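Spelled out, the chains give:
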Amino acid sequence: MEKIEVQASSLLASQPIVNDFSIAFGTINGSGSQTANTTLLRALFRMGIPVSGKNIFPSNIQGQPTWYTIRLSKDGFLARRETTEIVVSMNQATLTQDMERLLPGGVLFYPDELRQILIREDIVAYPMPVKKLSKESDVPPNLRDYIANMVYVGVVAEMLGIDLDKIHEALVFHFKGKQKPVDSNFNVVKAAAEWSAANLEKRDPYRVEPMEATQGCILTDGNTAAALGAIYGGIQFAAWYPITPASSLAEALNDYLPILRKDPVTGKATYAVVQAEDELAAIGMAIGAGWAGLRSMTSTSGPGLSLMTEYAGLAYYAEVPLVIWDVQRVGPSTGLPTRTAQGDLTVVKSLGHGDSQHVILLPATVSECFEFGWKAFDIAEHLQTPVFVLSDLDLGMNEWMSPPFDYPDRPMDRGKVLWEKDIEKLGCDWGRYKDIDGDGIPYRTIPGNRHPKSAYFARGTGHDENAHYSEDPEIWEKNLARLVQKFQTAKNVVPPPYLDLVQGAEVGIITFGSAEPAVIEARALLANAGIKSDYMRIRAIPFPDDVEVFLRKHDRNYVVEMNRDGQLNQILCQEIPDKAASLISIAHLDGLPLTAGWVENAIRSYEEEK
Amino acid sequence: MAEPSIASNQRVQVNAIGLSRADYRGSPSTLCQGCGHNSIASQIVSACYDLNLIPENIIKFSGIGCSSKSPTYFLSRSFGFNGLHGRMPSLALGALFADTSLKGIGISGDGDTASIGIGQFKHLVRRNLPLVYIVENNGVYGLTKGQFSATAERGLSLKKQGTNPYLPVDIAMEALASNATFVARSFAGDPKQVKELIKAAFSHNGIAVLDIISPCVTFNNQDRTLHSYTWGKDHESPLHELSFIPARDEIMVEDFETGTTKEVTLHDGSMVILKKLASDYDPTSRWEALRMLEEAQANDWLVTGLIYVDPVKPSLFELYDLPTTPLNRMGEEQLRPKRETMAEINALMC
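Line by line, the protein sequences are chains A and B. My numbering applies: residue 17 is where the first sequence begins, and numbers increase by one. My numbering applies: residue -2 is where the second sequence begins, and numbers increase by one.
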């Protein structure tokens, strides 16, 4: 094979750059690169360095270009960055494009068999003998392509100073301790690292050094966290239909339920999971189970949510508790099915025809995915209504460092349920939709209740306080007014916003969900530029009173979100109309997570124009 | 727990658990006078009374349409849920997981099952959920005033709709194709057979599909059409004379002439005795069932009776390792993993 000699520029930086740069990996999907990338991510995490990893992947099984980026940030910033200092390009088709992304002085790692390469002169390039080293490995030829990615793990580890013991630990983690794959992969890593030490001369400034910034932390994805949260919340029934990026949530239920939820005495399952024929059937099953007294949920993404619309309306009006996780992706229609967005807020808020209002929880971190995983059941059963939890692809599928999960800090809230003895005690007839307590929340009975007065007939058609069919105009209006009152009650049941108020701040910045990391970093950049900001991250709809209080503090409230139309901004304008003039929409959607630079620029340009 | 609603000093006939027929009734029907669905509702009442079922142990389900309104016309003391058009199967499946000791009965129509709901219907059938699934089949949409449904025969002419150009869906055949474990067809004008089939269906451990031709007296009751009383009476061709024997009753074999009957033992030990009529029909052969339906269609027969039964195939719930305590009676103690597991889970994520 002809080897192309490349003239790498000798940019020897005077100052080493430690634990503060990004690495992008350009690979071909289906080649097993995800193992290599997450191994590096976990090794860095185990070295105590704050890291975040993002998978930018195509809607395809094999053969298309895919990218993964790892950001190391000694200051703990986890947002995506637009530029990158290091590129590992394993894909001939995208090498030129990958190289373009590099900042001047950046570093390129590439397989030495790639042809016709014009290396930029303002970067450092390291060829890697990928073919040679994978051929020399002990794995069977059909697995060689998969192991090839371990070559770059070894070279990058050697050149940046990543501890090989930590790589080994990460492989043990990945392969769940299975000796054979760990050894095969690690042997390639070791060989590649040894080859680099002997053959490559370090000519770039980028280095890693151990820190102690991840001690006690965990590294996991939002979908796993959500599933575990649901399990600690006592989930009993889940129905789902496969859809990216939500599938891994239901799959995590299937992974962890058998471990955590066997009855200690009988060894039997205290749950059931059903893969339905479509999303409408999935929510139908979940509604049946929720109505019949089970902690019930479904998980989906935009197209599935559209399909669930009719049943969501029924659940709202029939007052059935259930939890719906929407791991958002880019729509409309099939859209960008493997890219992230926060575009379902307005549709979910009133999902269903007619007047409906839904309770929405908005987690921003994996620990909040866990927390809202269990809390959502308490809220749904307390309010007797569907609760939507809006995550997204970035939060749900990427791995995030996080404080460990906290065990639920309160007993389960099963809501106002009447069993046989409760009806006996009442001594009189009860009414399924009667507001006894003035909070808009009625009492309910559950099938299986053997008291002769327990049964009622649930329906989506007009019904009176006793659940009897009714087309009476007054009864209709009164019942719908009670549901508004219940929604008011919800304000004090849902999680309040997260607030960070700063002395002397003139502007407010508002966001929700996974837009947070970019906003946190942008606030730091803005503060450096002399713009102090108060911060509010909204965690639920309906808005608790704190939201309005925050808006009143500032003449300018920037609402940062990841969609085209500024959906949170629209809802804030609607709900708090007399502060609408203070709201400025900072909305953006291209399928990639927001970056701090974009948020900072958008806010600064407004601030400079004012 | 069964409590008769009528004082015992009154002379009211009661069944073995002390309940009167009134304890199984529902609200007065609001369907048209003479609607086949009303006759089916009274046979449900009768069947539950005869079977000594406790009303609180039954859940009713329905979709949308005239048929789907009927669950309020029987079993007032049972819980019920009237769901979406064509999407009752999913609702029933989720709900019945909550307490598998409850018996489910779902009432659907031909529009609800064969048109908008064919997908959920077939998936429910293949999952073998224990549920009595009655299709009140009249070939038209009643509530929206007389449009063709998917079971209407080709060439049927209706006021305002013209002539139906499409071939019909055969619900029994669809059920068989989806591996149903109990398929029957009957005619609302044959109440005795309807009742015996409902009783057998309640004893079946799995999906029991009953396709009951139930004439729509308002929109589709012309003498020569398939879903009319007259046509049904003239063309009904029962496969057998059918009797249901509950598990606890002693079977008096001499009641039946030896050699002319076939017995099928259901999951709970009860038995269906099929007395041979004109032809010898074996309802345990799926192949025979399909062949018979094909033949009936070609000859314009309304063949009624127990078309197919497989009493041993496991039900949906047997595929799940569920405890005997109903899931919906479990509390935090059973449902929330212990505090000490949290640290172990966190350790898995490092």
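Hint data in this document are derived by calculation from the structure and do not stem from the laboratory. All figures in this text were calculated on a predicted structure; none of them were measured in a lab. Here a beta-carbon is modelled for each residue, glycine too, at the ideal position from N, C-alpha and C. Some hints here could point you the wrong way.
[Claimed, not checked] Quick list of in silico lysine to any residue cross-link-like pairs, SDA-like style, CA-CA up to 20 Å:
{"id": "1", "chain 1": "A", "residue 1": "Lys469", "chain 2": "B", "residue 2": "Ile14"}
{"id": "2", "chain 1": "A", "residue 1": "Lys90", "chain 2": "B", "residue 2": "Cys347"}
{"id": "3", "chain 1": "A", "residue 1": "Lys469", "chain 2": "B", "residue 2": "Ile51"}
{"id": "4", "chain 1": "A", "residue 1": "Lys194", "chain 2": "A", "residue 2": "Lys147"}
{"id": "5", "chain 1": "A", "residue 1": "Lys278", "chain 2": "B", "residue 2": "Thr321"}
{"id": "6", "chain 1": "A", "residue 1": "Lys469", "chain 2": "B", "residue 2": "Gly23"}
{"id": "7", "chain 1": "A", "residue 1": "Lys278", "chain 2": "B", "residue 2": "Arg336"}
{"id": "8", "chain 1": "A", "residue 1": "Lys147", "chain 2": "A", "residue 2": "Pro157"}
{"id": "9", "chain 1": "A", "residue 1": "Lys151", "chain 2": "A", "residue 2": "Ser89"}
{"id": "10", "chain 1": "A", "residue 1": "Lys365", "chain 2": "A", "residue 2": "Glu326"}
{"id": "11", "chain 1": "A", "residue 1": "Lys469", "chain 2": "B", "residue 2": "Arg326"}
{"id": "12", "chain 1": "B", "residue 1": "Lys335", "chain 2": "A", "residue 2": "Val281"}
{"id": "13", "chain 1": "A", "residue 1": "Lys432", "chain 2": "A", "residue 2": "Phe503"}
{"id": "14", "chain 1": "A", "residue 1": "Lys450", "chain 2": "A", "residue 2": "Pro489"}
{"id": "15", "chain 1": "A", "residue 1": "Lys432", "chain 2": "B", "residue 2": "Glu330"}
{"id": "16", "chain 1": "A", "residue 1": "Lys569", "chain 2": "A", "residue 2": "Phe503"}
{"id": "17", "chain 1": "A", "residue 1": "Lys284", "chain 2": "B", "residue 2": "Glu330"}
{"id": "18", "chain 1": "A", "residue 1": "Lys437", "chain 2": "B", "residue 2": "Met327"}
{"id": "19", "chain 1": "A", "residue 1": "Lys432", "chain 2": "B", "residue 2": "Arg326"}
{"id": "20", "chain 1": "A", "residue 1": "Lys437", "chain 2": "B", "residue 2": "Ile51"}
{"id": "21", "chain 1": "A", "residue 1": "Lys278", "chain 2": "B", "residue 2": "Met327"}
{"id": "22", "chain 1": "A", "residue 1": "Lys147", "chain 2": "A", "residue 2": "Arg136"}
{"id": "23", "chain 1": "A", "residue 1": "Lys192", "chain 2": "B", "residue 2": "Arg336"}
{"id": "24", "chain 1": "A", "residue 1": "Lys469", "chain 2": "A", "residue 2": "Ile439"}
{"id": "25", "chain 1": "B", "residue 1": "Lys119", "chain 2": "A", "residue 2": "Asp294"}
{"id": "26", "chain 1": "A", "residue 1": "Lys278", "chain 2": "B", "residue 2": "Glu330"}
{"id": "27", "chain 1": "B", "residue 1": "Lys335", "chain 2": "A", "residue 2": "Pro280"}
{"id": "28", "chain 1": "A", "residue 1": "Lys278", "chain 2": "B", "residue 2": "Glu315"}
{"id": "29", "chain 1": "B", "residue 1": "Lys335", "chain 2": "A", "residue 2": "Arg426"}
{"id": "30", "chain 1": "B", "residue 1": "Lys335", "chain 2": "A", "residue 2": "Ala285"}
{"id": "31", "chain 1": "A", "residue 1": "Lys192", "chain 2": "B", "residue 2": "Glu330"}
{"id": "32", "chain 1": "A", "residue 1": "Lys469", "chain 2": "B", "residue 2": "Ser17"}
{"id": "33", "chain 1": "A", "residue 1": "Lys192", "chain 2": "B", "residue 2": "Glu315"}
{"id": "34", "chain 1": "B", "residue 1": "Lys335", "chain 2": "A", "residue 2": "Lys432"}
{"id": "35", "chain 1": "B", "residue 1": "Lys335", "chain 2": "A", "residue 2": "Asp422"}
{"id": "36", "chain 1": "A", "residue 1": "Lys278", "chain 2": "B", "residue 2": "Ser17"}
[Claimed, not checked] Which chain A residues face chain B? A few, computed with CB under 10 Å, are given here:
{"id": "37", "residue": "Tyr162"}
{"id": "38", "residue": "Phe191"}
{"id": "39", "residue": "Phe253"}
{"id": "40", "residue": "Val290"}
Results for each hint:
1. A/Lys469 / B/Ile14: Distance ~18 Å between A/Lys469 and B/Ile14 Cα, so the pair holds.
2. A/Lys90 / B/Cys347: Status holds; Cα separation ~19 Å.
3. A/Lys469 / B/Ile51: Holds, at about 13 Å.
4. A/Lys194 / A/Lys147: violated, 25 Å
5. A/Lys278 / B/Thr321: The hint holds at about 13 Å.
6. A/Lys469 / B/Gly23: holds, 14 Å
7. A/Lys278 / B/Arg336: holds, 15 Å
8. A/Lys147 / A/Pro157: holds, 12 Å
9. A/Lys151 / A/Ser89: violated, 36 Å
10. A/Lys365 / A/Glu326: holds, 14 Å
11. A/Lys469 / B/Arg326: Roughly 18 Å between the alpha carbons, so the hint for A/Lys469 and B/Arg326 holds.
12. B/Lys335 / A/Val281: Holds. B/Lys335 to A/Val281 sits at ~14 Å (cutoff 20 Å).
13. A/Lys432 / A/Phe503: Holds. A/Lys432 to A/Phe503 sits at ~16 Å (cutoff 20 Å).
14. A/Lys450 / A/Pro489: holds, 17 Å
15. A/Lys432 / B/Glu330: Distance of about 19 Å is within 20 Å: holds.
16. A/Lys569 / A/Phe503: violated, 25 Å
17. A/Lys284 / B/Glu330: holds, 14 Å
18. A/Lys437 / B/Met327: OK: A/Lys437 and B/Met327 at ~16 Å, within 20 Å.
19. A/Lys432 / B/Arg326: Answer holds: A/Lys432 to B/Arg326 is near 15 Å, not above 20 Å.
20. A/Lys437 / B/Ile51: holds, 19 Å
21. A/Lys278 / B/Met327: holds, 13 Å
22. A/Lys147 / A/Arg136: With a Cα-Cα distance of about 24 Å, the restraint between A/Lys147 and A/Arg136 is violated, given a limit of 20 Å.
23. A/Lys192 / B/Arg336: violated, 24 Å
24. A/Lys469 / A/Ile439: Holds - the C-alpha atoms of A/Ile439 and A/Lys469 are around 8 Å apart, at most 20 Å.
25. B/Lys119 / A/Asp294: holds, 13 Å
26. A/Lys278 / B/Glu330: holds, 12 Å
27. B/Lys335 / A/Pro280: Between B/Lys335 and A/Pro280 the Cα gap is close to 10 Å, so the pair holds against 20 Å.
28. A/Lys278 / B/Glu315: Holds. A/Lys278 to B/Glu315 sits at ~17 Å (cutoff 20 Å).
29. B/Lys335 / A/Arg426: Holds, at about 13 Å.
30. B/Lys335 / A/Ala285: Judged against 20 Å, a Cα distance of about 15 Å means the pair holds.
31. A/Lys192 / B/Glu330: violated, 30 Å
32. A/Lys469 / B/Ser17: Satisfied, since the Cα-Cα distance of roughly 17 Å is no more than 20 Å.
33. A/Lys192 / B/Glu315: It is violated: about 32 Å lies between the C-alpha atoms, which goes past 20 Å.
34. B/Lys335 / A/Lys432: Distance ~25 Å between B/Lys335 and A/Lys432 Cα, so the pair is violated.
35. B/Lys335 / A/Asp422: Given that 20 Å is the threshold and the Cα spacing comes to 13 Å, the pair holds.
36. A/Lys278 / B/Ser17: Not OK: A/Lys278 and B/Ser17 at ~42 Å, beyond 20 Å, violated.
37. Tyr162: violated, 24 Å
38. Phe191: violated, 14 Å
39. Phe253: Since chain B brings a Cβ to about 6 Å from A/Phe253, closer than 10 Å, the hint holds.
40. Val290: Constraint on A/Val290 satisfied, holds at 7 Å.
The structure fails to meet hints 4, 9, 16, 22, 23, 31, 33, 34, 36, 37 and 38 from the earlier list, while all remaining hints are met.
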